Every structure is written in C-alpha cells, then in structure tokens.
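This is what each chain is made of:
There are 2 protein chains.
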Amino acid sequence: MRKVYLDHMSTTPTDPRVVKEMLPFFTENFGNPSSHLHEYGLKAKKAVDESRAKVADLINVKPDEIIFTFTGSEANNLALRGLALANKNKGKHIIISEIEHFSILYTARELEKEGFRVSYLKVNKDGLVDTDDVAKTITKDTILISIMHANNEIGIIEPIKEIGKITKEKDVIFHTDAIATAGIIPVDVSELGVDSLSTTSQSFYGPKGIAALYLREGIDIVSIMKGGAQEGGRRPGTDNIPGIVGMGKAAELAKIEMKSRIERLIPLRDKLIKELPNRIKYLHFTGHLTKRLPGHVSFWISFAEGESLVLFLNYNGIAIASGSACSSPDLQASHVLTAIGVPPDVCHGSITVSLGKDNTEEDVDYFWTHYQR
Amino acid sequence: MRKVYLDHMSTTPTDPRVVKEMLPFFTENFGNPSSHLHEYGLKAKKAVDESRAKVADLINVKPDEIIFTFTGSEANNLALRGLALANKNKGKHIIISEIEHFSILYTARELEKEGFRVSYLKVNKDGLVDTDDVAKTITKDTILISIMHANNEIGIIEPIKEIGKITKEKDVIFHTDAIATAGIIPVDVSELGVDSLSTTSQSFYGPKGIAALYLREGIDIVSIMKGGAQEGGRRPGTDNIPGIVGMGKAAELAKIEMKSRIERLIPLRDKLIKELPNRIKYLHFTGHLTKRLPGHVSFWISFAEGESLVLFLNYNGIAIASGSACSSPDLQASHVLTAIGVPPDVCHGSITVSLGKDNTEEDVDYFWTHYQR
Chain A
1 MRKVYLDHMS TTPTDPRVVK EMLPFFTENF GNPSSHLHEY GLKAKKAVDE SRAKVADLIN
61 VKPDEIIFTF TGSEANNLAL RGLALANKNK GKHIIISEIE HFSILYTARE LEKEGFRVSY
121 LKVNKDGLVD TDDVAKTITK DTILISIMHA NNEIGIIEPI KEIGKITKEK DVIFHTDAIA
181 TAGIIPVDVS ELGVDSLSTT SQSFYGPKGI AALYLREGID IVSIMKGGAQ EGGRRPGTDN
241 IPGIVGMGKA AELAKIEMKS RIERLIPLRD KLIKELPNRI KYLHFTGHLT KRLPGHVSFW
301 ISFAEGESLV LFLNYNGIAI ASGSACSSPD LQASHVLTAI GVPPDVCHGS ITVSLGKDNT
361 EEDVDYFWTH YQR
Chain B
1 MRKVYLDHMS TTPTDPRVVK EMLPFFTENF GNPSSHLHEY GLKAKKAVDE SRAKVADLIN
61 VKPDEIIFTF TGSEANNLAL RGLALANKNK GKHIIISEIE HFSILYTARE LEKEGFRVSY
121 LKVNKDGLVD TDDVAKTITK DTILISIMHA NNEIGIIEPI KEIGKITKEK DVIFHTDAIA
181 TAGIIPVDVS ELGVDSLSTT SQSFYGPKGI AALYLREGID IVSIMKGGAQ EGGRRPGTDN
241 IPGIVGMGKA AELAKIEMKS RIERLIPLRD KLIKELPNRI KYLHFTGHLT KRLPGHVSFW
301 ISFAEGESLV LFLNYNGIAI ASGSACSSPD LQASHVLTAI GVPPDVCHGS ITVSLGKDNT
361 EEDVDYFWTH YQR
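Just so you know, the sequences run in chain order A and B. Be aware that the first sequence starts at 1, since it is given in full-length UniProt numbering, and climbs by one per residue. Be aware that the second sequence starts at 1, since it is given in full-length UniProt numbering, and climbs by one per residue.
Here are the simulated SDA-like pairs of lysine to any residue, each with C-alpha atoms no more than 25 Å apart in a straight line:
#1 43(A) / 29(A)
#2 3(A) / 28(B)
#3 46(B) / 316(A)
#4 43(A) / 312(B)
#5 259(B) / 17(B)
#6 122(A) / 345(A)
#7 113(A) / 112(B)
#8 45(B) / 2(A)
#9 90(A) / 115(B)
#10 43(B) / 19(A)
#11 113(A) / 109(B)
#12 90(B) / 138(B)
#13 291(B) / 276(B)
#14 20(A) / 16(B)
#15 46(A) / 311(B)
#16 3(B) / 28(A)
#17 45(A) / 305(B)
#18 43(B) / 229(B)
#19 125(B) / 290(B)
#20 43(B) / 370(A)
#21 140(A) / 109(A)
#22 3(B) / 20(B)
#23 20(A) / 43(B)
#24 3(B) / 39(A)
#25 3(B) / 24(A)
#26 20(B) / 28(A)
#27 43(A) / 363(B)
Residues of chain A clear of chain B, computed beta-carbon distances all greater than 10 Å:
#28 2
#29 124
#30 130
#31 159
#32 188
#33 258
#34 276
#35 291
#36 304
#37 359
The following residues of chain B were derived to be distant from chain A, with all beta-carbon distances above 10 Å:
#38 117
#39 193
#40 220
Treat the hints as calculated values from the structure; they're not laboratory data. None of these values were measured; they are calculated from a predicted model. Think of the CB as a built atom: it goes at the ideal place given N, C-alpha and C, for glycine as much as any other residue.
Using the sequences and the hints, build the whole thing.
Shown next as structure tokens:
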C-alpha cells in the first residue's frame with residue numbers, strides 16, 4: 001500500500017543527510033562538552049559551537065543569543081516564565097493571544113495563580129490577531145507579550161512584524177513561538193523585531209529531543225531548572241550532542257533549500273484549497289486562505305467526525321491530523337477552533353493536512369481519491 | 001596514537017547495538033506518539049511503551065512509574081521541586097546531603113528562597129552519610145529527603161537501603177539521584193525503599209538527551225513545565241522517540257550484561273588502587289576504597305595541579321577528569337571534595353578515573369605508563 005504522510009505539523013521525518021551528520025557523535029565523538037580539557041569533550045564542544053552558529057544563521061541572530069533546549073515546549077516555558085520572573089519588579093501584566101500553544105497558554109495560567117495578570121487577545125474568524133488590540137491592551141504595567149508566529153492547527157501567520165513595531169515603541173519584551181515557522185518560512189529576527197523566539201528541530205527535518213530559544217543579547221531571564229553551567233546556566237543538564245549536531249545540519253539545509261521547498265508546496269496547498277470544496281460537501285476551511293503556512297490546509301466538515309476520518313484514511317496509508325491530535329491534557333474542544341468561531345460540537349472534528357518537502361502531486365491526488373470513497 | 005577513554009562518569013559512548021535500534025525511528029518510524037490515530041504515531045507510541053517497560057525492568061518498578069525526561073538534571077529538578085511543591089501543605093522541611101549534584105543542591109537553595117527549610121547532611125571523610133544523622137534530622141515538618149546513590153566525583157556508594165528503612169518508618173518521601181548507579185550496578189527500587197529515583201541513559205551506553213524519573217505509584221508531583229499531556233502532563237513536550245528507544249535498548253543490555261561488566265571492572269579498579277600509590281608520590285585517594293563504584297578511582301596529589309594532569313594525559317590520548325570537570329557555574333572548589341576534608345587549595349586539582357565496559361587491562365597499563373613520564 002502506498003504511504004502518504006501529510007501530518008508534518010505534528011512532526012517531520014529526520015532528513016537522512018541530518019542522520020548521517022549525527023552518527024559519529026554517538027559512538028566516536030561521544031564526549032561531554034563540559035569535560036573539554038580532553039579531546040573527546042573538546043570535539044563535542046566544537047560541534048555544539050558550530051551548530052549554534054548554524055541555528056543562529058537560520059534566524060539571523062548571533063550564536064550567543066541561542067539557548068539550546070530539548071523541546072519547543074521547554075523553550076516556550078523558559079521564555080514565558082523566565083522573562084516574567086526576571087521582570088516582575090517592573091510590572092505584572094502579560095499579554096498573549098487566545099490561540100497560543102498549551103506550553104504558553106498553561107504557563108500563563110500558572111503565572112496568573114502566582115500574581116501576574118494576563119490579557120488574552122481575541123483573534124478574528126480568520127485567526128488573526130488585531131494589531132490595534134495589541135496597542136490598546138498594553139498598559140504601564142505590561143512587561144511581556146507572547147504571540148505565536150503561525151498556528152499549527154489553522155496554519156495562520158500572525159502579523160509579528162507589525163506587533164514588533166508596537167512592542168519596541170512601548171518598550172515591552174516580545175516573545176514569539178516560531179515552532180511552526182522557523183526552518184519552514186523565512187524567519188529573520190531583525191525584521192520581525194522580537195526579543196525572544198522559540199524554534200524546534202523536529203519542525204524542519206531535524207531530530208526530536210532538541211530545540212532552541214533565541215533571546216536578544218542583554219535581556220535577563222530566570223532559568224526554570226537549576227544545575228550546571230550549560231547554556232550559561234540558563235538551561236542546565238548534559239547537552240544532547242547528536243541532537244544539537246542534527247539541528248544544526250537541518251537548519252543549514254533549511255536555509256539553503258527553503259525557497260525551493262516553499263515554491264513546491266504553495267501550488268500543492270492551493271490545489272487542495274481549490275479542489276477540496278468541489279469534492280467534499282459541507283467543507284469549511286479554517287484560518288486565512290493565503291496568510292498561511294505553505295503546505296498547510298485545515299478545515300472541518302459538517303456532519304462528519306474528524307477522528308473517524310483520520311482513522312479511515314489511515315487504513316489507506318494516509319496520515320493526517322484531526323484538531324485534537326495535539327494532545328490536550330483536558331481533552332476539551334480545541335481552544336484554537338473555539339477562538340475562530342467553529343461551533344464547539346465540531347471542534348473535535350477538524351482536519352489539518354500538512355504537506356512536507358518530500359510530498360508530491362501524486363500524494364495529493366492519492367489523498368482525495370481515498371477521501372471520496 | 002592509542003586512545004584510552006577513562007571518563008565514563010562524565011558520559012559514555014553510545015553502544016553500536018543501541019544506535020542500530022534507534023536508526024529506524026529517525027527516518028522511517030518518525031511519528032509523534034501524540035498523533036496516534038494514524039500508523040506513524042501509533043508505531044512511535046508502541047516503541048515508547050516498550051522502552052518504558054525496559055527502563056522499568058532495569059530498576060524493578062512498574063512501567064507506569066517511569067516519567068521520561070531529557071536529562072538527569074531535569075529528573076532531579078522535577079523530583080526535588082515537584083515533590084516539595086506537591087507536599088508544601090504537609091511541611092516545609094527538606095533534607096539533602098552536602099555532596100549532592102548541582103541539580104539537587106541548587107534546586108534546594110532555590111526552595112530555601114521560597115520558604116522551605118533545608119538541612120544539609122554532612123558526610124564523613126570517606127564521603128559516607130551517617131544514617132543516624134538522617135534519623136536525628138527528621139522532624140515533624142520534614143516532607144522530603146534526597147540522598148544520591150553514588151557520587152560521580154568520589155565514587156562512594158551511600159547506604160540508601162538503610163536510609164530507606166528510616167524514611168519509610170518516619171513516612172517521609174525519599175528521592176535518590178541514581179545517575180551514577182542505575183544501569184551500572186544493581187538498582188532495585190523495592191530493595192532500596194526509595195519513592196523517587198533519577199537515572200540517565202548516557203550513564204549506561206545509551207544516547208544523550210534522554211533520562212527518566214521513577215516515581216512511586218500514588219505519589220503526587222507538581223510538574224516544572226506546563227503544556228501537553230505527554231508523560232501524564234508531568235513532563236510536557238514532544239517525546240525524543242529515538243532517544244527513548246535507545247535508552248530502552250541500553251537498559252535491556254545493561255540488565256543482561258551488568259554482572260559480567262562489574263566482574264571485569266572491579267579487578268581493574270583494584271589494580272589501580274593497589275598500584276597507583278607505588279607509582280605516584282604524594283597520592284591521596286578520595287572516597288571509601290571498597291564502598292565505591294566498580295570502575296571508579298579518585299584521588300588528589302600534593303603539589304600537582306589536576307587540570308594540568310588532565311591536559312598532559314590528553315596529549316597522550318588519555319581522557320580522565322579533574323574534580324572541576326563537572327561544570328560548576330561558580331567555578332569554586334568542588335563542594336564534594338571540601339565536604340570530605342580535602343584542603344580547598346587542591347579541590348580544583350583532584351582526579352577521577354572512571355573505567356567503562358570496554359576498557360582493558362592494557363588501557364590501565366597505558367594510563368600509568370604515561371602518567372609517570
């Protein structure tokens with residue numbers, strides 16, 4: 001049976017070129033970079049430095065501004081909690097959008113319990129944050145704003161650059177969760193004007209178990225873990241060296257191949273957007289139709305259960321996601337879909353099709369052929 | 001030039017059999033277990049379940065009692081902070097030994113700032129905690145005790161089983177940092193009587209970037225990060241699937257081969273302990289000479305600088321550690337060596353030789369031949 005993987009927002013396969021680069025760091029150059037008085041540790045340290053430079057280059061920042069973490073969730077936790085705690089004497093007000101990932105949303109709720117005040121910005125029916133809302137919500141007490149660059153469920157790309165201008169003017173720290181964008185579409189920190197940005201290797205054909213937080217030079221952060229001096233003490237614990245090497249290689253490849261990947265993906269995405277309504281009755285797209293990720297199509301279908309569709313397509317070798325695939329701890333309807341006005345009873349049943357760099361037109365055709373059965 | 005790696009306490013090479021097991025999970029079975037409605041995610045979920053059982057089996061606990069983390073430091077942070085916060089209504093007193101790893105020591109200091117009271121148990125000149133001290137230090141307000149199973153710098157194995165009897169009797173939660181023991185010497189949780197235990201894959205020829213916390217069924221813990229439902233919400237963030245698979249395989253191999261590994265290592269260690277004083281003047285061993293890890297020898301030398309020795313041996317292809325190799329954020333003399341009474345001016349200069357399963361008698365001979373030059 002043909003296999004068609006269309007769930008790249010959930011995770012991507014690791015590029016074989018990336019795995020090849022990682023391999024020597026398991027068995028041969030296996031040292032701990034904290035033990036850099038001998039050759040084994042020194043080689044590991046050098047590899048970490050090189051990868052840090054590659055990840056920094058992908059988003060146009062300085063290598064020293066990259067803090068390696070293990071997951072994007074950890075990077076988001078560190079950013080939101082760490083920046084809130086480091087700035088609590090300046091103010092207690094935080095602003096986030098209501099469609100943030102759980103790692104931001106639940107950290108914000110936790111900070112509320114600890115005495116911070118959080119404003120949750122609404123989005124319109126396309127999923128877009130209103131920049132005027134951002135400006136209006138900032139008070140003298142506001143220390144931190146966190147708006148995601150793109151949303152994994154509905155593919156929408158938020159106006160980060162415009163928000164960045166506002167936060168700069170108002171002197172508020174601006175974090176963006178770029179887990180769905182960095183390595184996929186151009187992410188240039190100097191252009192976006194953010195102070196902090198999270199990214200994960202598994203989004204762009206790097207290995208799982210490694211991610212990074214960009215933090216602008218000079219900005220203080222409180223670490224969420226205590227221990228050794230790794231990552232300047234901001235993220236203690238032995239580095240995942242093969243993972244770091246893999247993320248570096250994946251970042252390098254993403255930078256080189258990004259343009260051609262996007263140019264291949266957009267026509268496939270737009271073919272789906274054009275053809276799907278002709279083939280599936282009662283289909284409703286979610287998220288803005290053009291201000292969205294290159295390979296991302298999302299929708300819901302009246303009278304159809306998303307999870308059943310995912311299961312049905314799986315029997316035909318096709319992997320897609322339902323809105324609830326991202327593991328919600330409370331198993332409630334997706335807060336993202338509720339936010340854009342999808343009726344709560346269908347919020348369990350939405351579909352996300354996310355194409356990757358190796359998908360072909362035949363994959364797309366195979367998908368809807370089986371969808372129609 | 002011959003290469004002799006004698007720094008296994010810092011990290012171990014990943015066993016090629018482990019790497020082989022991991023490989024399909026990068027490029028082929030690369031799914032995200034949170035997306036288990038399709039085959040890719042389901043295969044990943046199954047692999048996680050199988051590895052969880054193998055790690056549980058290594059320390060004789062139930063699979064559901066294993067929480068995967070990314071580093072041993074993270075497991076220690078989660079244990080100490082998470083258990084303290086979950087039990088703060090029962091009491092505010094915590095007991096740790098003064099030779100704990102930074103991830104325990106600095107978390108304890110942080111908890112002190114947050115209103116907890118911490119007692120730091122002294123060790124004797126051999127590095128051993130006095131079990132009577134443990135019993136005497138427990139008050140009605142004590143909620144948590146953390147004593148490491150073995151110390152990485154001085155190799156000493158603490159009387160965890162005896163302490164476990166006391167904590168059980170006094171109804172105090174007992175955590176042990178078993179990062180230097182699990183997968184190396186027998187660690188049977190039911191025998192040790194601990195409630196919580198941290199272990200890391202890189203200690204026993206598994207990959208870096210994956211570790212685990214054992215937590216006894218029924219014990220509550222507060223997670224140190226917020227996000228998705230992974231690991232029952234106790235450690236959110238996308239799982240490092242190849243890492244988990246690798247840790248499982250390494251645990252399986254460690255269980256099978258442990259006896260023969262130890263039987264090979266103890267004579268090599270004891271040869272070093274017997275011969276070194278004859279070959280090196282002014283040598284002083286640290287840690288008890290028999291209540292210690294199988295491949296572990298540690299010492300300091302009057303009038304010699306540890307770091308210089310490490311560098312010198314490195315030119316001859318030999319990797320060992322100086323006392324300061326474990327990255328102290330404050331670059332102070334090792335708190336472990338200070339605790340056992342080593343004069344502060346030599347605390348930078350101690351040596352740890354840690355043998356691994358693949359070291360040979362020739363390696364040991366090569367080591368001291370070059371040591372003498």
